[in-house]
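Peer 1: Sequence lines, in order, name chains B and P. Okay, so the first sequence: first residue is 1 according to our numbering, each after it adds one. Okay, so the second sequence: first residue is 119 according to our numbering, each after it adds one.
It is worth saying that the hints were derived from the structure and are not from the lab. From the three backbone atoms N, C-alpha and C, an ideal C-beta is built for every residue, glycine too. Be careful, since some hints might not be right.
Restraint-style ranges between C-beta atoms, simulated for each label pair [to be verified]:
#	chain 1	residue 1	chain 2	residue 2	range
1	B	Ser6	P	Tyr132	21 to 31 Å
2	B	Val25	P	Glu176	55 to 65 Å
3	B	Ala19	P	Thr218	47 to 57 Å
4	B	Asn50	P	His317	30 to 40 Å
5	B	Ala87	P	Val335	33 to 43 Å
6	B	Lys100	P	Arg289	14 to 24 Å
7	B	Met41	P	Tyr132	54 to 64 Å
8	P	Gln169	B	Arg7	50 to 60 Å
9	B	Asp43	P	Met119	28 to 38 Å
10	B	Ala88	P	Glu190	28 to 38 Å
11	B	Met20	P	Glu190	33 to 43 Å
12	P	Gln169	B	Met20	15 to 25 Å
For the chain B half of the interface with chain P, some residues (derived, Cβ under 7 Å), not all of them [claimed, not checked]:
#	residue
13	Met20
14	Ala23
15	Met41
16	Ile86
17	Ala88
18	Glu96
19	Ala104
20	Gln113
21	Gly115
Letter by letter, the chains look like this.
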Amino acid sequence: MVIDDSRVIRMVVRRILEAMGLAVVDAADGYTGLIACREAMPDLVVLDWNMPVMDGGGFLAELRASPGGEGVPVIVCSSDNDPARIAAALEAGANEYVMKPFDADILHGKLAQLGIFR
Amino acid sequence: MKPATYTALSDWLYARLGLSLGHDKAYLVESRVAPVLRRHGIASMDVLGAQLRRGLPEDVAREICGAMTANESAFFRDIRPYAHFARVALPALLRARAGTRRLRIWNAAAGGGQEAYSIAMLLHEARAALEGWAVEIVATDIGDEVLRRAREGVYTHFEIQRGLPARLMVRHFIRQEDRWQASPELRAAIRFGAFNLMHDPRPLGVFDAVFCRYALVQLEVASREAISGRIAQILAGDGFLYLGEGEVARPALFAPVPGEKGIFTHAPRVPGGVAPSLRP
């Protein structure tokens, strides 16, 4: 599940993940993403942090409180590179954090760290 | 570059590094060496070739060696060797060294420093178990410029994200606009120095683990075997050798760790290892 209000980022992440053989669904805001997750819990969420309707922090809190959502790996993907805010996202339950811009190798590496891709 | 210059440079690199270029790497050599020539005001590869015949200044020689052996790297490259070190090697060494409480790790071919900093971060994670221990990480490479960069520990936005978990990035690195520098504590945990793998490493002392990843792959078999042999002389009898995935240590001296790629211990019943009791 890719959640980002940027159509370009959704497309870029989708291409990287699909090239790895993963099936991808996406959403343009946290609320739409949360509804989709509650219907069918994904194996991975790539999550923007600053979004309209429901931001990444709101989504993450709701996901972790949802049945089956406690252990889903979440990689926050944001242009915010402030160390304090990165630490806060991890503290809030994100498993990893990617700073934009990024490339396929960086995302591969994060998935490998989470044991999703080798 | 004239063919004679390329031949002279190839011969020089082989003698100095054991690096075997073949006949068709002129473009590679020029692209890597050009920045060194610019820094030292050397007008062209052919001028360098003439200087080679007269004897190159040592600082230029070391920079060329560094440029020719520099590799793309990443933090925790391949992950598995670091997982093995943290979960298998380190607990075993902690038990075996409980008497001396001394641990020495050599990162040969340190390159951009990512490997040495990865090891330092793993040891930081194990700091409770290492309380009161003398821990030493020695990181060596051949080129002054490579070492300067490694010692400085500054990485671009992209480099810092290659292999480094975000949790460790915010704990051990300080953001400076769009770059990230290793914290003073992390840098202080590593002793960087110049060393050529073609030389005798015994003056560096005995090590409990050696990381020499993706340095041998560029070399001819004879050079690889010679370096394996030298590493065997300074690796403790119960120590661990970490090479790159797909790299092989001299079979007469080292045995692969079952189920792992590029991780070795001393081969059983073959002399060459240094017993822990002989440590300086």
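Peer 1: Does each hint fit the structure? Answer for all of them.
Peer 2: Hint by hint, here is what the structure shows:
For B:Ser6 and P:Tyr132, the hinted distance range of 21 to 31 Å is not satisfied, since their beta carbons lie about 51 Å from each other. A beta carbon spacing of about 60 Å between B:Val25 and P:Glu176 agrees with the range 55 to 65 Å that was offered as a hint. At roughly 50 Å, the beta-carbon separation of B:Ala19 and P:Thr218 lies within the given 47 to 57 Å, and the hint holds. Checked against the hint of 30 to 40 Å, the C-beta distance between B:Asn50 and P:His317 comes to roughly 53 Å, which is inconsistent with it.
As the Cβ distance of B:Ala87 to P:Val335 is approximately 37 Å, the hint placing it in 33 to 43 Å holds. At roughly 21 Å, the beta-carbon separation of B:Lys100 and P:Arg289 lies within the given 14 to 24 Å, and the hint holds. In this structure the hint that B:Met41 and P:Tyr132 lie 54 to 64 Å apart at CB holds, the actual value being about 58 Å. The given range of 50 to 60 Å is respected by P:Gln169 and B:Arg7, whose C-beta atoms sit roughly 56 Å from each other.
For B:Asp43 and P:Met119, the hinted distance range of 28 to 38 Å is not satisfied, since their beta carbons lie about 53 Å from each other. Distance hint check for B:Ala88 and P:Glu190: the Cβ-Cβ separation is about 32 Å, which falls inside the suggested range of 28 to 38 Å. Restraint check, B:Met20 to P:Glu190: a C-beta distance of roughly 20 Å breaks the suggested window 33 to 43 Å. One distance hint, 15 to 25 Å for the beta-carbon pair P:Gln169 and B:Met20, is violated here, with the actual separation near 49 Å.
Residue-level restraint check for B:Met20 is violated (minimum Cβ-Cβ distance to chain P is 16 Å; threshold 7 Å). The closest approach between the C-beta of B:Ala23 and any C-beta of chain P is roughly 25 Å, which is over the 7 Å cut-off, so the hint fails. This hint is violated: B:Met41 has a C-beta 23 Å from the nearest C-beta of chain P, more than the 7 Å allowed. About 5 Å separates the beta-carbon of B:Ile86 from the nearest beta-carbon of chain P, less than 7 Å, and the hint is met.
Contact between B:Ala88 and chain P, as hinted, is not supported at the beta carbon level, the nearest pair being about 10 Å apart and thus beyond 7 Å. For B:Glu96, the suggested interface contact is upheld, since its CB lies about 6 Å from the closest CB of chain P, less than 7 Å. Residue-level restraint check for B:Ala104 is violated (minimum Cβ-Cβ distance to chain P is 11 Å; threshold 7 Å). Look at B:Gln113: its Cβ gets to within about 6 Å of chain P, closer than 7 Å, so that hint holds up.
Interface restraint check: B:Gly115 against chain P, minimum CB-CB distance 9 Å, threshold 7 Å, status violated.
The earlier numbered hints that this structure contradicts are 1, 4, 9, 11, 12, 13, 14, 15, 17, 19, 21.
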